[in-house]
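Asker: Going line by line, the protein sequences match chains A and B.
Oh and the first sequence: position 73 is 72 in numbering that gives the first Met the number 0, straight run, nothing missing.
Oh and the second sequence: position 119 is 118 in numbering that gives the first Met the number 0, straight run, nothing missing.
Treat the hints as calculated values from the structure; they're not laboratory data.
Do not take every clue at face value.
What the hints assert, rightly or not - Here are some of the chain A residues that sit facing chain B, going by a computed Cβ distance under 8 Å:
#, residue
1, His16
2, Ala109
3, Thr110
4, Pro117
5, Gly124
6, Phe125
7, Gly126
8, Gly128
9, Leu132
10, Met216
11, Ile231
12, Ile234
As the list claims (entries may be wrong) - Away from chain A, derived, C-beta distances all over 10 Å, residues of chain B:
#, residue
13, Val55
14, Ile82
15, Ile85
16, Ser95
17, Ile109
18, Val111
19, Ser116
20, Ser122
21, Asp152
22, Met168
23, Met177
24, Val196
25, Trp243
Backbone N, C-alpha and C fix where the C-beta goes; we use that ideal spot for every residue, glycine too.
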Amino acid sequence: MVHVVTAGGSQARLRRHAPFVVSIVAGLALWEVVGRHTNPAFMVSFSETMARLWALAASGQLGAQFLESAKLFGTGFALALAVGMPAGLLLARVPSLRVGVEPYIMVIYATPLVALIPFILSLMGFGFGPKVLVVFLFAVFPVLYNTIEGARSIKTELIEVARSYRSSEWALWREVMVPYTLPFTMTGVRQAIGRGLVGMVAAEFFLSSTGLGQLIMTASQNFDTGAVFAIILIIGLLGVGLMRVGLMIENHFARWRV
Amino acid sequence: MTASLANRLTGPSTVLSRTLTGFAILATWEAVVRAFAPPYVAKPSTVALAIPRVIVDPAFIEATRVTLTAEGLAIALVFGTIIGLIMGRSVIAERSLRHYVNGFYAVPMIVVLPLLSLWFGYSGAARLATIVFAAIFSIIINVADGARSVPRDYLEVANSFRSGRLRTMIDIVLPSSMPYFLAGLRLAAGRALIAAVVAEFFTAIGGLGYYILYHSRTFRHDEAFVGVLLLAGFGVGFELLVAWSTRRFLPWYRRDEATE
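If we strip away everything but chain A, and leave its shape as in the complex, we get (with noise of 0.2 Å):
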C-alpha cells in the first residue's frame, strides 16, 4: 500500500500510475485471448462482455435491474445504521446491559447469517421485506460489534472526570461517548457495506429473484455466458466502489481515533 512519494509533478505520478495501468490492460488482453479460445458456454472474451453489457444496458434491463438492487441495498443498510448505531451507543453508555448482552452479539458476528435465509423464506415468503432483513441482518452486526468494541475502549478516567464536573448526560455523550465511539462504528459500517452486498445478492438469489441478481441467474439459465459475467463485472465494480467510500469514511473518522 506504500505509494513512493518522489518529487516532480508528471513524471512521478506517471511512475506511479504506470504499474497500475500496465496490469490491468495485460489482465484485459489475457481475458481477451483466453475467452477467444475457449468454448463460449464457458468463457467468453472481454471484447464479448462489453458488448453484452452495453446491449443489457441500451435495453434497459440493466438500470432499471440496478435501482432495483440498490433499492434493496439501500433500505436494508440504512435501517442496519438507523439501529445499530444507537443500539451500540446505548449499550456502550449501559455497562450492567453491555456486559450482559455482548457475548450472544458476538456468536451472532461469528456466525453464518445465511444459514438464517431458508427460515426467512418460509415464515415471511416474498417480497421485499424478508429481503431487507437479510441485508439488515448481515449489515447490522459489524456496526454493533464494532461500536461496542469502541465503547470498552473508553477509558473510565474521561467519565470520572466529565461527572466530577457534573457534566450533563446530553454534554457527556457529545463530548465523551459519540466521538471515542464514532472511529469504531465506521470500521464497522464499511465491513457492513461488505456484507450487506453480500446479503443483497444473497437476497436476490435465494429470496424473490430481483435486480442484479435475478439478471445474473436468469443469464446463467439461458447459459448467456456473456451476460453472466458482465453483471459479475458490474456487482465487482459497485463492490469496489462501496469499499473504496468505506474505506474513504473510514480514514476520515480514524483521524481523531486515539
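Following the hints, complete the assembly by docking chain B onto the known chain A.
Answerer: Structure of chain B alone, referenced to chain A:
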C-alpha cells in the same frame, strides 16, 4: 477481536448477568413463537428436544462431514500463502497483482456462484471452487502485509550470512508474518463457512446448508435449526481456536484487531 473473546466469555463477575440475559432471550423467543407463530416454527424448547434426535441422524452426520471438511480452506491457505509471500517480497509481483487481489476481495463472493456452477456443474467441485474464491484473497492480503513488514534487520542478517532467497522466505519471512497469517486465516475461515452454505443452497448438493434448506422447506424447522446451531458453534469455535493459538504460539503479538 478474538484474543479477548475467551476472557470476556468467562469473567466470573459477569457470568450471572450473562446467564440471566441468555434466559431472557430464550424466554422471549419461546413466548413470541408460542403466541404468534405456527407450531412448526423453531422455538428453544422444541429445538432442544430435537438435538438428541438430530445428532445421531446419519444424514446429519454425513452433511456435517461434507460441509466442514476444510479442503477448500486448505487449498486457499497453501496457495494464498505462497502468492502472498511473493507479493510481499517482490515489488513487481505486488504492483501487477495488487489491484486484482483487492478487487476480487471486494467482490461479494456469492456473485460468482452462477458462473462457478456453470464451470464445475452442480457438484462438490463448484462448492470447493466457491470456498477457495471466498477464502484465498483475505489470506493473500494478510500474508502480503505480513511479508512486507518483516523487520529489515532480519533480512540484512540473513543476507550477510549468504542465505538463499527460498531459505530466507521459509525461515525468516514466513515465521515473521505468522500473526498476519492467523488474522487472515480467521477471516478466511468465516468466509469459507458462508461460501460452503451458500454453495449448497445454490447447487442443492448435500451438506449442512442443504440439510437446513431441505428441513426448513418441509416445515421441520427444529431439525433445521440444529444445523444453524452447529454452524454457529463452528464459527465461534474457530475464532476461539485462532485466538488461543495466537496467545499460545505468538505471545509477543498483541494486535487483536484484524483487518476485514
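Asker: Hint by hint, say whether it matches the structure.
Answerer: Hint check results:
no.	hint	result
1	His16	violated (11 Å)
2	Ala109	holds (4 Å)
3	Thr110	holds (4 Å)
4	Pro117	holds (4 Å)
5	Gly124	violated (13 Å)
6	Phe125	violated (14 Å)
7	Gly126	violated (18 Å)
8	Gly128	violated (16 Å)
9	Leu132	violated (15 Å)
10	Met216	holds (6 Å)
11	Ile231	holds (6 Å)
12	Ile234	holds (5 Å)
13	Val55	holds (21 Å)
14	Ile82	holds (15 Å)
15	Ile85	holds (15 Å)
16	Ser95	violated (4 Å)
17	Ile109	violated (5 Å)
18	Val111	violated (6 Å)
19	Ser116	violated (7 Å)
20	Ser122	holds (15 Å)
21	Asp152	holds (19 Å)
22	Met168	holds (20 Å)
23	Met177	holds (20 Å)
24	Val196	violated (5 Å)
25	Trp243	holds (14 Å)
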